[in-house]
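**Student:** My request is simple: use the sequences and hints to build the entire structure.
2 protein chains.
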Amino acid sequence: MSDLSVIGRPTPKKDGAEKVTGRTRFLHDLELPRMLHGRILRAALPHARIVRIDTSRARALPGVVSVITGTDVEQHPFGFVKDHLALKRGKVRCIRDEVAAVAAETSALAEEALALIEVQYDELPAVFSPAAALAAGAPLVHEDVGTNVTALRYQFTHGDVDRAWADAAAVVEGEYTLNFVTPACLGTMVAIADWDPEGRLTMWSATQVPFLYQRDLAHALGVSGDRVRVLQPPVGGNFGRGLDLYPIDVIAALLARRARRPVKIEFDRVEEFVACPTREPCRIRLRTAAAADGRLLARDAHVTVDNGAYVSWGSTTPYVMLATVAGLYRCPSVRFDTTIVYTNNPYSGSMRGYGNLESTFAVECQMDELADRLGMDRLELRRRNAIKPGDVNPQGFIVTSCAMRECLDAVGDEIRRAAPPLAPGWKRGVGYAGMFHVGGGARIYRSDGCGAIVKLDDFGRVSLITGASEIGQGSETVLAMIVAETLGVPLERVDVVNSDTAVKPWDVGVHASRTTFIAGNAARLAAEKIRARLVEVAAEQLEASPGELALKDGWVFVRAEPGRRLAYERVVRAGHLRERGVSFVAEAFYDPPTEMLDKDLRGNVSATYGFAAQAVMLDVDVATGQVHVRRVISAHDVGRALNPLAAEGQIHGGIHMGLGYALSERLVVEDGQIFTSSFMDYAILRADDMPDITVRFIESVDAEGPFGAKGLGESGVIPVSAAVANALKDALGVAFTELPITPARIHAAVSR
Amino acid sequence: MSDLSVIGRPTPKKDGAEKVTGRTRFLHDLELPRMLHGRILRAALPHARIVRIDTSRARALPGVVSVITGTDVEQHPFGFVKDHLALKRGKVRCIRDEVAAVAAETSALAEEALALIEVQYDELPAVFSPAAALAAGAPLVHEDVGTNVTALRYQFTHGDVDRAWADAAAVVEGEYTLNFVTPACLGTMVAIADWDPEGRLTMWSATQVPFLYQRDLAHALGVSGDRVRVLQPPVGGNFGRGLDLYPIDVIAALLARRARRPVKIEFDRVEEFVACPTREPCRIRLRTAAAADGRLLARDAHVTVDNGAYVSWGSTTPYVMLATVAGLYRCPSVRFDTTIVYTNNPYSGSMRGYGNLESTFAVECQMDELADRLGMDRLELRRRNAIKPGDVNPQGFIVTSCAMRECLDAVGDEIRRAAPPLAPGWKRGVGYAGMFHVGGGARIYRSDGCGAIVKLDDFGRVSLITGASEIGQGSETVLAMIVAETLGVPLERVDVVNSDTAVKPWDVGVHASRTTFIAGNAARLAAEKIRARLVEVAAEQLEASPGELALKDGWVFVRAEPGRRLAYERVVRAGHLRERGVSFVAEAFYDPPTEMLDKDLRGNVSATYGFAAQAVMLDVDVATGQVHVRRVISAHDVGRALNPLAAEGQIHGGIHMGLGYALSERLVVEDGQIFTSSFMDYAILRADDMPDITVRFIESVDAEGPFGAKGLGESGVIPVSAAVANALKDALGVAFTELPITPARIHAAVSR
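Taken in sequence, the protein lines are chains U and F.
Under the numbering used here, think of the first position of the first sequence as 17, with each following residue one higher.
Under the numbering used here, think of the first position of the second sequence as 17, with each following residue one higher.
Among these hints, one or two may not hold up.
Identical copies carry no separate label here, and so any pair may be met within one copy or between two of them.
[Said to hold, decoys possible] Mimicking EDC-like on lysine to aspartate or glutamate, the simulated pairs with C-alpha atoms at most 16 Å apart in a straight line are: (1) Lys615 - Asp353; (2) Lys404 - Asp31; (3) Lys107 - Asp705; (4) Lys443 - Asp637; (5) Lys568 - Glu544; (6) Lys568 - Asp19.
Source of the hints: derived by calculation from the structure; they are not laboratory data.
**Tutor:** Right under this line is the structure:
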C-alpha cells in the first residue's frame, strides 16, 4: 500500500478554516424565528421533599411565555435504569435537580422569572459518600428502590484467583481514589426544541448518539421515536458528555411543546459546572500477584462507585474497568466486583476513556510496585507480561493485530534520548504506563453498526452521508480521506454529511473510539461500490476491460497505458447524460464481527484492540510540591495512522486531559454542593503548562480496519495519570493513590 | 390494485399545515449571520452604450460594503447560447439590463447607494418587435451576431403538406398573437450567496433545476461545478421561472465574493415585474387542411418569436409548439418553422405549459373553424381525429396509454349537465379544446433521470432522499405516497429530503410535468428494494418464507395468517440490533426509455403522453364585453391520479392561470419599457373571479408510470385559452386570435 495518495498524509481538518476564521455556526449560534429562551430552576438543597412550588409571580412577569414544573407536564422516566424524571416530582435528590423551568422572550427575562418562583422544601438527611449511603439506617435516595445500592453490579471471575495468592512471589494491594472531574467543554450544553403543527419534534442537540437520543427523548416525552428528528450543529467539545439524554433536552422539548414556539436552553459556565455530568468518582481496591520471573498470576479488584442521584450510562464504566483489569497485560486469573451506590451527590455521565483511566491508574501503579518488590526493571516487567497477537484474554477478547511490546520498547528508547537540565532543589522522575482499549468498535449495544451513502454529482463532488457524528474529533476529515483514497480522487472533492437523523443512516454514535474503524469501514465499502461503477462506465468509454483500469488523483486510466484516461467527473457525466443512464450513489453498512458480553461478562466485544505505552518525565520541587512535566512519550499501536496530523492531535488532546486529571483538575463537591464555578477554580492545563510531547505510531496494519486502522480517540488520555504517579514515585519514593496529585498533596506526602 | 392503501386517496399536502400556520421558512425568510443586502442598478434605456459608470459616491456611503460593475468582476457569459453577461459591459440591450450592484448592511442603504451611481449612456436606436428587428438596416441587438435572427431555428417536415391543400375539403388559415405574460409568483425572486474561506459557494436559490443551475452558475463565475452547493428552501411559486440561471444569482455570488460576506438579493414586487422572465411572446401563422369526413390532412405552422435581448431556455418553446402542431390530433402531414428574433424587449424564460398554450390556442381555434367549415359538430370533429393507443405520430412519439377520446366524451357529457340562468343582455357560449403534452418525462437534456435513496430508522421513520425539487407542486406528498404504498406503511411515517445538492442524487429538475413520473419511479424502485429487505428479515423473525409475506399499514404479516405479524419498525430494529446487522437504506435511479429529438426533431422524447379535454361555458355581456366564465370542465387522462386532491389542485391552479392568460393578464411592454408594476395593473384572477370547475380523471393506468401515473402539472393550463376563445366565438360568432381577450377587445370586435 505504498502507493496511497491520501491515507497516511498529515491532513488539516476539513472544518479547520471555518473554525479559525470564526465562521463556524455552532449550536450556540443558532437562532430560530420566534425562538424563546429557557432557563431551569434547580434544587436549593441536595435532598429534600418539595412541599409546594408557586410559579404565579413568574407567570405574571411580562415576556414570560411558559413556566412548567414536574407536576404539570407529561413526562416519563429516562436514564439507564429509568430512575430519572427531567422535572422532579415529590423530592429532589441532588443539587443539580430541576424543579421548574421558564421560557421567555429573552434569557434575562427567563432568569428574572426563575427568581420569582417560590419553592418550599422539607429538608431530608442526605448521604454524600458510598460509605455513608451504605451505613445501616442511611436515608434512602430512592425510597422505591429500598436500598442505596443500585441494581447494577459487574461480577467476573476467571481462573483460580485465591490459589494465586499462595503461589505468588509477590502480592501487592492498594486502594485508589478517583475524584470528580468534568469534561470542561468550551461549548456548554445547549438544547433547542421545535415542534411542528403535527406534533413532530426537531431537536438541535449536542448529542453524540443521535439515534439513541432520538429513542430516549421520545420515550421521556411519551411520543414515538419517529416523531423526533435530531440535528447536530458543530459543538465546542463533548468528550462523552453527549452519550446520555439529560434533563436539559427533555425540558427544552417540554417548554417548546407548552409554548408552541421553539425554545433554546443554553448553559452559562456556572451552570455547566453544576449540571454537566462528570467522570464517575470511585474507589478501586486492587490486589495483584506475580511469580518470581515477573509473570502476573492474578488480579482481584473491587470498585465502589459513587453513583450520585441517578444511574446514567456513566454507571456502566466498570465494564471497561474490568477489561483493563483482565486485559492490560496477560493475567491468567481475574476476579472483579463492584458496588455502585446512590448518593445525594451529582451523578456522572460518560467521559473519554470511560473507566479506563481509573482502572489503568490502579493497575499501572501496582505494576511499578510489583517491579520494585521483585527487583525487576519496570519496563521489563511490562514487556514480560505484554499481550501478543493471537492472545485470547480471560474475557474472551481475541487479540489480532497487537504491537504492545513495540510500544513499550518505543517509549523506553525515546525517553532516554534527551533530558533537559534539572533545576536545583527539584527532583526528577520517569514513569511508565501501558494502555489497552477497544480499537474496533465495542458492542455495548446490540448493534455496533454504521451506515454510509456515497454520492457523486456531475462535477465530481463526492458526498459521504455517514451515520457517524462529528464532535470535534476530526472524523469528517478521516472519513473523507477514506472515501477519497478508495475512489482515487482528491480529498477536497469529498464532502461529509453527518448531522441530521432524517438524512443519515443508522449508527450507534461516537463512543469507544469506534468512528474511524466502524464508520470508516462503512464509508470504504460504499466507496468501493462507486469505484466499481466508475470503472465499469469508464471501461466502455475507454474501450478497455474493467480489470485493466485504475483510479488515482481524479483520473480513471488504463493501468498499462496511463495516457488513456478520463477525469472521473467525466465518467460520471457519461453515466448520467445518456439514454438509460446510470447514477453514482451507493450505500453500505458495516457491523463488525463481534459479540456482546454475556451475563458472565465474556465475549469478543471489539473487532480489534488498541495498545499504547507512555513515559512521563517530570520534575518536582520538593519544597513546594510543584510539578513540572517535562516530556511525555506516547507510543500507539494504531493499526495505521490514516491522518497522522489528526491522530497526533488526538494524542496531544488526550495527554492534556490526562495531565489535568493527574495533577490539577478537580470538581469540588462537598456536602452535595458544587463549589467550582469558573476556570479560575477548575484548573485545566493551559498551553504553557504543557510538556514536550513525542508521539510514535506503531503501525500493526489491522486486517479488519479500514486501510489497517484501529480506534485511537481515547488512547492518549488513558495511561497519563498512572505514568505521572509512577514518575512521582520514581522521583520521590512516595506512592500516590488519589487524584489529582496536587502540590499540596505532594507536599503533605513528602513531609510525612 | 384495488387494495391500494395510500395511492388514490385524496391527501392533503405534507407541507400544508406548516404553510397555513405561517411557520414555513421561505427562502425570503432566510437570514445568515453577517449577511449583507444586495440591490441591482438596471438600465435607464432599452438600448444604449455605457459610456461611463461612476460608483465613487455609492462606495463612500457608510454601510455600503461592495459596489461592482461589469468591468470590475470576473464573469463569463451564460444562457442558452451564452450571449448574456450578468453585469453588462459596453452596452445595455433591454430595460432589465444590470449595470451595477451594491451590497450594504441594509436593503435601504443598498437602495440609497444605487441612486448615487452615475451612469452615462449613449442612446442607440432600438427594435421593439420582430418586424422592426427584421427590417433592412435595423439596429443590431448583438453586433457580434451580425443579424437580429438568433441561431435557433426549429424546422420540421413530415408527409406531403403541399399536396394536402389540393386534396382538402376545407383549409383554414390564421395568425395568432400571444403577448407578454409573467408568472406573477407570490414569492419574488431571491438569491443568497455565501463563499467559504476555501472558495466554495453555497447558494440558497429558487431554482427548480439545482444540478443544472450548479453547472451554469459555476461556469458564469469561472469556478468548477463542484465548488457550488445549492440549497432550495421553500419558494412562493415558480411555474418555470426557476429553469434558467439569471443575473440575480450571478450578481449575488459576485457581491458575496467581493464582500467576503453572505449577500441576499430579494426583488420587491416592482422589480419582479421588471426582471422576472416572461412567457415567450409570439405570432403563430397556422394553416390546417381537412377532408370532407373531418380527417385532418395537414398542418403548416410558422412561429415568429420575440426573443428579447438574450436567448434563454424560453427560446426553445417551439420544441413544444411543434409537438402540439404535429401531435394534438392525428395529422399525417406537418410542416413547422420558426423565426426567433432578438429585440430590445425584455427576454423570456420558461413558463408552465412551455409553448403549448400558444400552439394549442392556434390549433384548437382552427379545429372549430374547420368544424364550422365542414358543417360538423365541434366535438365530433375532435373525436374523429383523436389520438389512440398505439399511434406513432409524425415526430415518432409513441403513444401507449391514451384516453383522449374518453376525455372528449367526458367534457361533452359533463358540460350538458347543468346550465346556470343567463342574465338579460348576455350571451352564452360553450367552447372546447383538447390537450396533448409529455406525460412521462421529456428528454430535452441528454439525461432525463432522477435518483432516490430510501432510508428507514429504528422507529419506522422513512426518509426519501430524492433528486426531485418541491416548488409548491405537491411533489413531496405524492413521492411520499409512492414510498408509503410500496413499503406498506402509513404516509405520515415518510419524510422527504429534497433541497440540498450535497445530499440529493442527480436529477434534471422540475419541468415537463416529469416529477411524479420520473422521480416517482425512482422512489418506487428504491422502496421496492427496502421492501424486499424488510420481507427477508421478517421472514427469519416470523419463521416463514419471504414469498408468504405481505406488507400493509405498517405490518409485515403472513398473508395466509395475518395474525402472524410484526410492526415494520420492529423488523428494522431486528435488522439493526444484532450481531452482523443489516440496515435499511437503498438507492435507485430511473431514467426512462426515451430518446432525445434528433436534428430533424424526431424521437420518442417521453415514456408516455398526457391527454386532456376542456369545455368552457361562459357568458358575455354584449354591451360591455365583460365575460363571466360560468363553468370549466376539465377531463384528464392522468394514467392514475395518485393523489386526487393534489391532482385536482394542479388542474384548478392551471385553469386559474389559463383564464388569466385568456382574458385578463398582460404585462404591458411598450417601447421596451415595462409599465406593469403591481397587482393593480397585472390582473391575475381573484378567488371570486373563478368559475365552477369540474375535474374528471380518466385513468388509463400507464404501464410505465409509477402505479400507472403520468405527468399532470401543466395539463390544466394548456387548453384554457383556446376553449375560452372558442366559447366566445360560440357566443358572439366572432373569432379572437389575440390574447388576452379583454372586454375592450370584445367590445371592439362586436362593434365592428
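**Student:** Measure nothing new, just compare the shortest in-copy and cross-copy C-alpha distances for Lys404 and Asp31 to 16 Å and report within, between, both or neither.
**Tutor:** Neither: 38 Å inside a copy, 59 Å across copies.
**Student:** Using 16 Å as the alpha carbon limit, work out where Lys568 and Asp19 are close: within a copy, between copies, both or neither.
**Tutor:** within (10 Å within a copy, 52 Å between copies)
**Student:** From the Cα coordinates, with 16 Å as the cut-off, is the pair Lys443 and Asp637 best called within, between, both, or neither?
**Tutor:** within (6 Å within a copy, 110 Å between copies)
**Student:** First find the shortest C-alpha distance between Lys615 and Asp353 inside one copy, then the shortest across copies, and answer within, between, both or neither for a cut-off of 16 Å.
**Tutor:** Classified as within; 14 Å inside a copy, 82 Å across copies.
**Student:** What label fits Lys107 with Asp705 when the C-alpha limit is 16 Å: within, between, both, or neither?
**Tutor:** For Lys107 and Asp705, the Cα distance exceeds 16 Å both inside one copy (44 Å) and across copies (65 Å).
**Student:** Tell me, please, which holds for Lys568 and Glu544 at an alpha-carbon limit of 16 Å: within, between, both or neither?
**Tutor:** For Lys568 and Glu544, only the intra-copy Cα distance (13 Å) is at most 16 Å; the inter-copy one is 35 Å.
Checked against the numbered hints given earlier, the structure breaks hints 2 and 3 and satisfies all the rest.
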